[in-house]
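Trainee: The primary structure of each chain is shown beneath.
There are 2 protein chains.
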Amino acid sequence: MKGKSPQSTLLLILHSKGNTSVTDTLTKDWKSKLTNGKAVYLFDEGDAKMRDILGGKGANLAEMTRLGFPVPPGFTVTTEVCNVYLNAGNKFPADMQDELKTAMAAIEKKMGKGFGDRKNPLLVSVRSGAKFSMPGMMDTVLNLGLNDETVQGLIEQSGDERFAYDAYRRFIMMFSDVVMGLSKHDFDKLLQKKKKELNITEDSLIPAAALKQLVDEFKAKFKAEANRDFPTDVFEQLSLSVEAVFRSWRNPRAMVYRDKEKIAHDLGTAVNVQSMVFGNMGDDCGTGVAFTRDYNSGAKVPVGDYLTNAQGEDVVAGIRTPKPLEALASEAPEMWKQLLEVSKNLELHFKEMQDMEFTIEKGKLYMLQTRTGKRTAQAAIKIASDMVEEKLISREDAVLRVAPGQLDQLLHPSIPAEAKKAAHAAGRYLAKGTGAAPGAACGKVVFEANDAVEEAAKGHPVILVRPETTPDDAHGMAVAKGILTSTGGPSSHAALVARGWGIPCIVGCEALRIDLDKKKVTVNDQTFGEGEWLTFDGGTGEVYLGHTQLQEASELTAETKLLLGWADEFRKLGVYANADTPKDAERSRAFGATGVGLCRTEHMFMERDRLPIVQEMILSAPKAEALHRQELRAHKELSEQVEGTRRHSDAKAALDEAIARKAGPWKIYTDCLARLLPIQREDFHGILKAMAGHWVIIRLLDPPLHEFLPAHSELLVDVARLRTVRDHAPDSYNKVLEEVRHRREDRNATLESLEEMLHRVESMKEFNPMLGLRVCRLGIVYPEIYKMQVQAIFEAACDLVKAGIDARPEVMIPGVGTVEEMRFTRNLVETVARQVQEKRGIQVKHKIGTMIELPRATVVAGDLAKNADFFSFGTNDLTQTTLGYSRDDAAGTFIPVYLEEKILKNDPFQVIDTVGVGRLMKLAVEEGRAANPQLEVGICGEHGGEPESVAFCHTLGLDYVSCSPFRVPIARLAAAHAALASKAGFKDK
Amino acid sequence: MKGKSPQSTLLLILHSKGNTSVTDTLTKDWKSKLTNGKAVYLFDEGDAKMRDILGGKGANLAEMTRLGFPVPPGFTVTTEVCNVYLNAGNKFPADMQDELKTAMAAIEKKMGKGFGDRKNPLLVSVRSGAKFSMPGMMDTVLNLGLNDETVQGLIEQSGDERFAYDAYRRFIMMFSDVVMGLSKHDFDKLLQKKKKELNITEDSLIPAAALKQLVDEFKAKFKAEANRDFPTDVFEQLSLSVEAVFRSWRNPRAMVYRDKEKIAHDLGTAVNVQSMVFGNMGDDCGTGVAFTRDYNSGAKVPVGDYLTNAQGEDVVAGIRTPKPLEALASEAPEMWKQLLEVSKNLELHFKEMQDMEFTIEKGKLYMLQTRTGKRTAQAAIKIASDMVEEKLISREDAVLRVAPGQLDQLLHPSIPAEAKKAAHAAGRYLAKGTGAAPGAACGKVVFEANDAVEEAAKGHPVILVRPETTPDDAHGMAVAKGILTSTGGPSSHAALVARGWGIPCIVGCEALRIDLDKKKVTVNDQTFGEGEWLTFDGGTGEVYLGHTQLQEASELTAETKLLLGWADEFRKLGVYANADTPKDAERSRAFGATGVGLCRTEHMFMERDRLPIVQEMILSAPKAEALHRQELRAHKELSEQVEGTRRHSDAKAALDEAIARKAGPWKIYTDCLARLLPIQREDFHGILKAMAGHWVIIRLLDPPLHEFLPAHSELLVDVARLRTVRDHAPDSYNKVLEEVRHRREDRNATLESLEEMLHRVESMKEFNPMLGLRVCRLGIVYPEIYKMQVQAIFEAACDLVKAGIDARPEVMIPGVGTVEEMRFTRNLVETVARQVQEKRGIQVKHKIGTMIELPRATVVAGDLAKNADFFSFGTNDLTQTTLGYSRDDAAGTFIPVYLEEKILKNDPFQVIDTVGVGRLMKLAVEEGRAANPQLEVGICGEHGGEPESVAFCHTLGLDYVSCSPFRVPIARLAAAHAALASKAGFKDK
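Protein sequences, first through last, are from chains A and B.
Each position in the first sequence, counted from 1, maps to that position plus 3 in the working numbering.
Each position in the second sequence, counted from 1, maps to that position plus 3 in the working numbering.
Quick caveat, the hints were computed from the structure, so don't treat them as lab data.
Among these hints, one or two may not hold up.
To be verified - Think about it this way: if two alpha-carbon atoms lie no more than 16 Å apart in a straight line, the pair counts; the simulated EDC-like pairs of lysine to aspartate or glutamate are:
id, chain 1, residue 1, chain 2, residue 2
1, A, LYS738, B, ASP730
2, A, LYS521, B, GLU758
3, A, LYS768, B, GLU513
4, A, LYS639, B, ASP262
5, A, LYS447, A, GLU533
6, B, LYS521, A, GLU755
7, A, LYS626, B, GLU457
8, B, LYS639, A, GLU823
9, B, LYS521, A, GLU758
10, A, LYS768, B, ASP653
11, B, LYS738, A, ASP730
12, B, LYS447, B, GLU457
13, A, LYS905, B, ASP653
14, B, LYS905, A, GLU823
15, A, LYS521, B, ASP730
16, A, LYS639, B, GLU903
17, B, LYS639, A, GLU513
18, A, LYS639, B, GLU904
19, B, LYS768, A, ASP730
20, A, LYS908, B, ASP730
21, A, LYS848, A, ASP866
22, B, LYS768, A, GLU471
23, B, LYS639, A, ASP730
24, B, LYS521, A, ASP262
25, A, LYS187, B, ASP653
26, B, LYS908, A, GLU930
27, B, LYS187, A, ASP653
28, B, LYS215, B, GLU228
Stated by the list, open to error - Below, a sample of chain B positions facing chain A; criterion: calculated Cβ distance under 7 Å:
id, residue
29, ASP286
30, GLN529
31, PHE531
32, ARG780
C-beta: ideal position from N, C-alpha, C; glycine also.
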């Protein structure tokens, strides 16, 4: 086999076992199929636009070379050659070797060195470089071109034997690992053994002789593992490396990555071969990574790390602690000056912050790579706005430079990444639940709302840990730094309340086994209890044991406001906020919301001082309204009879009886409503005032009423306990009763009263509350509740208008599915609104509309639109019903599996399901607008603050999106991105 | 004002207070606007086709007259005159009186009597008669034409003073009540007083003199109440009556009735004036009601009631007990002969069974009315098939003559109507729940499943009364005559099981307050307990205290089979049955189903002997499948690594660990499945065998798994009780533990085991199970369960095919919402099916399809159809999600209010919501068939047996409907009706 070309040898050794398909034969004219007929480009032959054939890295190196930056000479083998090679069944065309040689000759000339020259050897690096950055592919091989002969030349060149052998042993190790797929571990073991023999711990202290021995040991190991000698022919080294890069395009991880990222499998990768420069040839050498601006703050000053007398991998590997880049200014002022110059010019050219790799070889600066630098949200904003000021980029560019999702970081406290890492390392990571309300929290564990209040009063931060929460826990929730439940989903009571109040929250953390009796939680084999510190991330759902210093969120910076101002110029979508309190409304205004898209009146009901009234109202409603309905029927019967007839007098008697029966229950019910009226009026007054001049969409009562009642299971247990002690331990009865009374905070509770309450709660219990007596069904079955709410809204608005404040309520009917429901409730709202306005002699600008949150509503949208001034998509519920997924259950059960099995691309409660839910939304928008061209259409589900979903809403042509106050900046930016992406023209909002 | 025309006088007295609108003035040429210029038609001038202007009653009287039947002469004032009158503000044209006089003159001539003639007076009846029968309108006035003078003529004519004064006092009373709107009660009081004075109880015993006094007293009362004298002018009497009829068209009850029945308000009513004949002038007189055939059995023999010497109202009022019609045969053979003749001829003419009113006056038969007769389902079928045999009607007519909904009566036991009436009267009616499984039940109350078994074993019929049922109660449910729960809806456990097993069932009967401890139920102020008799109607939901003799259901009669055979000739829709057991399948075949459209495998899981295995399987599934998934991930990770590298060996180690971790839990899980496999195989074997040659659609496991687990609330109470005695009464601990063990039927239960079970049940508990981990989500998260089921299906089918039996399974994937779910599950089914068939060397005809029961499925139906052989609409679930109504909750909460307020026309779980759900179905059918023209499309929700919904399915062009076995005959007939109605051509099935 000897005398054959190197690649034949290679094929013999490494013949792929994989299923590479041979589709082309290697024809003589293979080059004629290449762009420009070229297989290889010297760096000075290409430019930044040639990413398709040179890959991203190659194109940027070419660009820098073309512009005269100090780039070590090199060449790129194109992506097209990769495809030729792969399609030929991993074979090179016969004359490919010549191409490499020709290109190498050009570099030799530029460098004044010879590839494989034993006196003055040229060494190169080999790197993969596809059009899109691909972590699944081959890493870098450095120092290629070394063998037992050229290493001598390197010694001569550098005058440093230790350096040369170190380079050689590194090359063998990398080549074995990266090109040949041998275990790096095996080589590492030899290295460690050597250090142990020498009794040293630092690689840099290994003497030259030992390194030379190590080279021999490495070569022996290579032979043993690869079953051949380590290649001494430098072109064979090169060929094998280039082929390894090409083959890595099809390794399983790369395939999986491309599938996931939807990158075409036929793009191929390029290979970059670049002459080595050495940062480890002495103290006038060094290597580093530099960003043209501060990636944390965005300040316009290069930052980064560098190491004197080191190779790039030392920086990355973290074996030595690098120095901050600015140390260069004093250590090597000339280099610093050059780097500043390069940095400035690269930015001027690319008009972007750059992430550069550089090496200083004996006082000369080389640029090895440049690419767009990653940065924090804060930096992204500052850089973008600075660059506009510097006239580097336009405002549009600036807006597009900041990813909307990034803004989330700016607005909540967070756990620093290092702290998380440390917690993991220390085994303090406990479990993961559903992140229900963003932000990090740290506090001492409490299990009962009363304990939370008590501890908080002492100034201790507390985390309330419960299996689930109910309105009874609200006072404890209000004072907690964070809320953690073991059950429930993102629209459970805990989640809703926490989001409304801006308290970080994790729900459905099912790994927690909470024993409320013992006030202990078991997680797998760990246990913690009351008073212990807990830290969690309400965004990711991660829970940690112990105390952590959190990173505080900042207000919107001036730059952020500036950038969002530009975004506002470009977006077509309005951005409203979901706000339930005057405080929320004010915060929304500060974040730039120009309306309230969803004011949830139920959150007002849940506040502690109101809850008893609300509960009494709810428990009295069914009977009172049923008796009222009987009275109405009796009225109707009477109206149908001719006066003076017996039928008439019978009907009159029946009516009198119905009126008498109704009186008592009706009084209890309406008294509760009368007590709630001024409270609600005050709520609405505050919000409408805070949003003066802007529309406030107020949703009438929406959730199933039993959400306001005491928890059924707790009642069940209390009753069972009391019955058991009564029957078996009468002496303990009073003691247990006291316990129950204390826990329930009900001094008058008795077994009988609890049994009665249990019965009433059971009679209102529903199997699927999400699909039960809620939304507008409440307003139709219990119209008095809606009437009270509408009265409160219009009384508040009238008061404001009278005081000269432009209050603009929009009344939103939730969960309408039929046009009859819309007509019924619209009529109810109009009647009460008219009565209030007439009584006060004030006209209030207002609208009446509906939430589109049921599939049937989308199907009859045309008819609904004739009876509605606006539609607001409640995409949370619409997703639930369209897909048949309970938001409270799905996240904890099948959605993780669905994501893993790629049944779902995204959690549809996070990102709108455009195919399913989106099609119904489109239908509703089209038929709604066709029936009522004035129809205002928006979205108020949490999707309204998620960038992909915002883009979809833009495509649908909605008027606005509405989201929680903290997501308003995200939505503003996402809306601008969508508008700029669709180039649909700009419109001032 | 005297001397004015009578109608002016009338206007003075009765000027309407209502808002009658005057749109026409009374012009001279008012008659030119009438059809044929005629305001009044003599009976011999009209015919049956003239319902528009003569009304239904008038047209039929004209038709009978025209055909020579013995109808007392008369005339009809047209509906057009009614409109003239009403539009003129309740005024007659001046010459209308002449019209009446002319017509009356014609009658006088025919009868040889004079209207108002003191010697030989003509008396008439006045009746309303609109185009459509309208209960809201004026009743009949009899004996009109009597006054103090003509009554003398009547005495002379009849020779019976008592008769004459009785007729006179009756006339005054009816006129006062019906025409003048005075209180009948006032007159009745005078009558009762008179009888008391005379010390008699029967009206017929009041002597002539007393009746004469009564006439005077009535006239005085009239004057006092109406503030005028009783009119003596017979034409005034007539005018007032005609006007009263006309005005009654606009009384409130008639308006409401027309609104409800969507009858136009401008039709108007006609007035029929007919000469009186008297059945109460002696023993050669009589009156009665006759049906041309037996309305109960359908036998071809006239049936009815008659009274000798009586007027029609006596028959209706039930004061005397009438004799059966056939008594006429012996009592008055000539009359009987004439009646038979009339009966035969009327049927020959109308080609329908007739409901006739007749009077015999002094040996002469008069026909007063004829109309289509109402009949029972059984009679309807017999009459229709007999009439075909008699060549009176075609087969199409016969099929259309029977209302599909009527057939329901034929197939279940029922409570006789009289028994219900009696129960109401006796105060034994208790409450109304949701009728969940049809049929009546009567038995002794038990509260526990074990007690049910014990009592049933003694031969006692039992009704199981529970707040709700769980699988633990299944053994008690199986032996019960009926099941009654106080909570839950039509798809609660109780309802599903009961329907599956054909046991009458009521759920959600919320008026019941069940105290299981005391074994007592309180309903309002009544109480009943264990051992007491209860009777209920599972169709209507009515519950009665006490024992009732039920009417047993009969098998399909020969006539029914014949008629349904004709129906089969006309229908285009196939009719399948929902059958879960071989017995169901056999019954379905007997009822004419040609396939099984839904075989629910979960019902097989719920049987008592299997439940423990099923529970163990479910409790082990989450952990086992999660560990299995970890193993798969480890496998994948390994496959991505290059052999020989360290990464490869690390991945190998991780895989080994994952395999080891999985082993234990996996064994428990798969052992359960292995035990269930032969049981399921046997189930499928039986059903496929029973349906040999026909398709059987088997749905893979569908409900949330916790439905199979012990009830959470019971576990909660048991644990609370045990903890309480442990802490407060340790001496009682063992006693309570024994009680708990006994009730749970678990000899090994301990507090610890129950706590563990409680935790596991809680961890599987869902907030909205209907939208949770169920349907195909189960098969994706726990694929082993589906694999076991598919294996069982195909093993059973292979065994049958091998034995020469044509087994044809269709595997149905429930709850698919995305094409990815369809692909995943289809692949699973195909893989297992192939393995089984290959192993057995047998090919099984089969299909794989999906249930369309989520809005999203309808939206992506085109894509689904490319991966499915069939669609089956699960309209129960599709209704739940499209409307956002929980079937279990809605019926007990807002649907009754919605029906009352006319928000809904029908309960959408009974009748398909064609506007909403129907539009989505249409979309799915169209896009599904477009993508896959071979697609088979059916429906398997309970709507498949509801006539209106079947008609809609016909319109959609579905291939078949499937419903519970007992509804198969209904569906066959409804499908024929739909096909005949749409005249879409006939097709043999």
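Trainee: Does GLU228/B sit within 16 Å of LYS215/B, going by the straight-line distance between their CA atoms?
Mentor: Given pair LYS215/B, GLU228/B is violated - Cα atoms ~20 Å apart, limit 16 Å.
Trainee: Holds or violated: the hint that ARG780/B contacts chain A, with Cβ atoms closer than 7 Å.
Mentor: holds, 4 Å
Trainee: For the pair supplied as a hint, LYS521/B and GLU755/A, is the alpha-carbon distance within the 16 Å limit?
Mentor: holds, 15 Å
Trainee: Quickly compare the C-alpha distance for LYS905/B and GLU823/A to 16 Å and report which way the hint goes.
Mentor: holds, 8 Å
Trainee: For the pair supplied as a hint, LYS848/A and ASP866/A, is the alpha-carbon distance within the 16 Å limit?
Mentor: Roughly 24 Å separates the two Cα atoms, so the pair is violated.
Trainee: Taking only the CA atoms, is the gap from LYS626/A to GLU457/B under or equal to 16 Å?
Mentor: violated, 39 Å
Trainee: What's the verdict on LYS908/A and ASP730/B, does the C-alpha distance respect the 16 Å limit or exceed it?
Mentor: violated, 52 Å
Trainee: Are LYS521/B and GLU758/A close enough, with their CA atoms no more than 16 Å apart?
Mentor: holds, 14 Å
Trainee: Taking 7 Å as the limit, does the beta-carbon of ASP286/B come near enough to a beta-carbon in chain A?
Mentor: violated, 35 Å
Trainee: Would the stated hint for PHE531/B survive a check requiring a Cβ distance to chain A of less than 7 Å?
Mentor: With a closest approach of 18 Å, the PHE531/B hint is violated.
Trainee: Under the criterion that the straight-line Cα-Cα distance not exceed 16 Å, is the pair LYS768/A, GLU513/B satisfied?
Mentor: holds, 12 Å
Trainee: Quickly compare the C-alpha distance for LYS187/A and ASP653/B to 16 Å and report which way the hint goes.
Mentor: Satisfied, since the Cα-Cα distance of roughly 13 Å is no more than 16 Å.
Hint compliance for this structure: hints 7, 8, 10, 13, 17, 19, 20, 21, 23, 24, 26, 28, 29, 30, 31 are broken, all remaining hints hold.
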